[in-house]
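Chemist: Here is what each chain is made of, one letter per residue.
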Amino acid sequence: MNLELSNPPSDGISNLRFSNASDHLLVSSWDKLVRLYDVSTNSLKGEFLHGGPVLDCCFHDDSSGFSVGADNKVRRIVFNVGKEDILGMHESPVRCVEYSYATGQVITGSWDKTVKCWDPRGASGPDRTQVGTYLQPERVYSLSLVGNRLVVATAGRHVNIYDLRNMSQPEQRRESSLKYQTRCVRSYPNGTGYALSSVEGRVAMEFFDLYGTFATGGCDGFVNIWDGNNKKRLYQYSKYPTSISALSFSRDGQLLAVASSYTYEEGEKSHEPDAIFVRSVNEIEVKPKPKAYPNHAA
Amino acid sequence: GSFIFLNRQKHFEMASVKKDPILQVETTCGSLLYELQIIWDEVGETETDRDKMLLELERECLEVYRRKVDQANRCRAQLRQAIADAEAELAAICSAMGERPVHIRQLQALQKEKVKFDLNLASSFLVWLLQTSSFIYSLWCCFTQSDRVETIRKHLCSLYSHCSVLGMDFNEVVGQVNPTLSDPEGPRSLSDHTIEKLGAAVQKLREVKIQRMQKLQDLATTMLELWNLMDTPIEEQQEYQHITCNIAASEHEITEANSLSEDFIKYVEAEVVRLDEVKASKMKELVLKKRSELEDICRKTHLLPVSDTAIDQTILAIESGIVDATLVLEHLEQHISKIKEEALSRKEILEKVEKWLSACDEESWLEEYNRDDNRYNAGRGAHLTLKRAEKARNLVNKLPGMVEALASKTIVWEQEKGIEFLYDGIRLLSMLEEYNILRQEREEEHRRQRDHKKLQGQLIAEQEALYGSKPSPSKPLGGKKAPRMSTGGAATTNRRLSLGAGMHQTPKPNKKPDQRHNDGALSTGRRGLDIAGLHTRKQSMNPCEQLQSPLVRKPFSPISTTVVASKANIATTIQQQLLATPVKNNNGVTNLEEEKMMMMMMQTPKNVSAMIPIPSTPATVSVPMQTAPTPLNNNNNNARLIPEKPEVVEYSFEERRLAFMLQQSNSLIYA
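Going down the list, the sequences are from chains A and B. Our numbering numbers the first residue of the first sequence as 1 and each following residue consecutively. Our numbering numbers the first residue of the second sequence as 299 and each following residue consecutively.
A few of these clues could be false.
Reference excerpt, derived from the structure (chain A facing chain B, CB under 8 Å, subset only) [claimed, not checked]:
hint	residue
1	Y141
2	Q181
3	E265
Listed below are the simulated DSS-like cross-link pairs for lysine-lysine, each with C-alpha atoms no more than 30 Å apart in a straight line [said to hold, decoys possible]:
hint	chain 1	residue 1	chain 2	residue 2
4	B	K689	A	K269
5	B	K564	B	K588
6	A	K32	B	K689
7	B	K685	A	K45
8	A	K45	A	K239
Just so you know, the hints here were simulated from the structure itself, not pulled from any lab data. Ideal placement from N, C-alpha and C gives every residue a C-beta, glycine not left out.
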């Protein structure tokens, strides 16, 4: 399969995620909308309007998800009903959102330099759903969650690692060793580590759970698959029209969704229209190769 | 017997007019009797026989009289019957019309008068006749008198009617014509002269009636005007309804008794005078009312009103009687209608002015709103405010066109009217001119700011390309002034090191050695700096060059590095070495890319200590860092680094993109 989704967003795509339960794809965009697609039928199942550009989104399950954005709000969206609740607010735009299955909490990171945890079960009620707020050294740029481990990457190249069971203090405080601003952090699927990408070249990153290999997408429009352990690139897909702003593997790893959407690295300029491509993933593209094998060229 | 003769004799003497036919008849009878007397003397008729003959003559005469009287009676009875019939008919008509049968009374009065008159006449006739002995004479009288009676009767009827209406005494008037006519006892003069005089009197009274009627109608007209002017309540007006209803009546229609009497006319006159006085006393009120009406119109059409002093002086003049208030009111009315005309011609432009002014209000509101940094924080009504802001932006976009259209319309108007279009005393075109100037100034200011910001932004980007981070303003999001940057040409405090790179960033050649206050650069916290233990590699050209080049920011150029983990290398490789690195283009796959990927830190907890330097300063420190004085930044985001150092803040792509979006919507206003 190599499919370009119909009805893509009309402005930049900030993130896209496959559902854990199906081939539904949740897409957040700078056009203030969160969209739900069914990839298997290439159809748009729903659209949800925010008060400002939506900067991140994630699934809870196939019936609901969470989204955050420049209107400072944290929203839960119930897809079929088309209902949305506001879990709460930050004081500045919210850049990231994750849902922790381990704790049943929604975790958000914002440019107001806090990470907040929310209990979505309180969403319908008049009470605040906020469970905790954790000050970061700088504006939060990326979050990653694996198991009970939360990795927070901020401006200034700070990295905080938390145990969700005890958020009072970060487990570790780090600095990125990359020269440039941290763009993205993703934890190893096995929870043993995390990968950082910086603005120098890579803007999107996703792990392929099965093999521990990961895909990166850059401003050059290429998606590469890497074997981190062997420090090798495994595969490169053909060039996409413009910068890769987001990547997501489907739950079974059979599909990779690629958001081809100018990420503003060169400021305001004209660019290719924003598009979402979904392609099949072949094992050969993602399976690690032992060192003995030569590098696989594109 | 002899008494008759004697009386006749007397009458005969009194009636001295020779030409009178009655006298002539009378003479004939007398001469006949005289002749009779002579014959009797000749014949030698005895006294007894003479008396017998005379008695017989009298008896025969009386019988003739009686017959004639009976005839006259019968005439009269017929006349009465005719009158009664006519009356009944009139009454029936009047009742059918639902009117008061005024005429009946008049007729009745007339009838009475007539009857009275007739009776008088008849009785005096009889008396007179009885005082004569000539039956032929009386017969003749009966015949010849009826026409005259009719004429006289007619005249007397008219006279009576006129007198009634005019409130004059009928008897007096009649008496003036001929005293005999008004004397019930005495005989009546029924001569031609009398009849003529009667006719003349009737005509005269008719003229008086017409005169008075016109006067009354004038008074009624004046009354109506005064009522209208003073808004007299309807109850007051109704009292005089019976007068004003005749305002257009003609002479013969006015028949009610005393409706044109002198008293009545005086009465009406008095009322008119009274109304006039009321009007005079209300004049001040009216003038003020008119003035406020004038002011109101002026205000609504934004013309300067008439000066108060002029009006006050006028009122004083009215009160002291110098000036006729009516004239003043007239003048005011004229002024008002003139102003109304003018207001009409101004209407279109005024409507446009209102639109323009309210658009200016929204413009001011929007400017204030844009300065408010909290405007995206949702509060109650934030959604409405956002909507208002959007509407305001649209409106402000239309403003220049609005002003243009308004100005050209005003110019056309001024040319047509030949006068300036004033708005509350100021020339409208001047107001528009002023607004345009202000707006231009504001636009200049904004443009300046924008250019400044752009320049800053580009400089920052340059630096970022070089050093991996950029100085930035205190707040992450736009809406404030351009970022305060270190002066151009100076590098930031950040050094860019890469994993395994052999080179490091060179400071500017002209950098003073004493500006090495960022020695802590090698400590962990230093942004943009790599951790100790790793070689650094210089990425690109001379920063000076980069900054001074025309703000062409190279696309994000990746660095080719090689991974070398060696603490020692840092120390040795640090010096001012400029290495130009070819800018990588973003197409194609090269080994460089792979190398780049290796830059990505695969950090595991185990490896950390090996890869990440200890926060404490390493031994090899003498790195002449390129430093630049950074402006004191109150919002020090990196408090846990070197607190005393003012830090500059970096932006992510998303922050910049959002800032640009906001700027876009703002800049629409000043476009």
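Chemist: Each hint should be assessed against the structure and marked as holding or not.
Modeler: Verification of the hints:
1. Y141: This interface hint holds because 6 Å falls under the 8 Å limit.
2. Q181: 6 Å, holds
3. E265: 5 Å, holds
4. K689(B) to K269(A): Between K689(B) and K269(A) the Cα gap is close to 27 Å, so the pair holds against 30 Å.
5. K564(B) to K588(B): Cα-Cα ~33 Å, so violated.
6. K32(A) to K689(B): 19 Å, holds
7. K685(B) to K45(A): 28 Å, holds
8. K45(A) to K239(A): At roughly 28 Å apart (the allowed maximum being 30 Å), K239(A) and K45(A) satisfy the hint.
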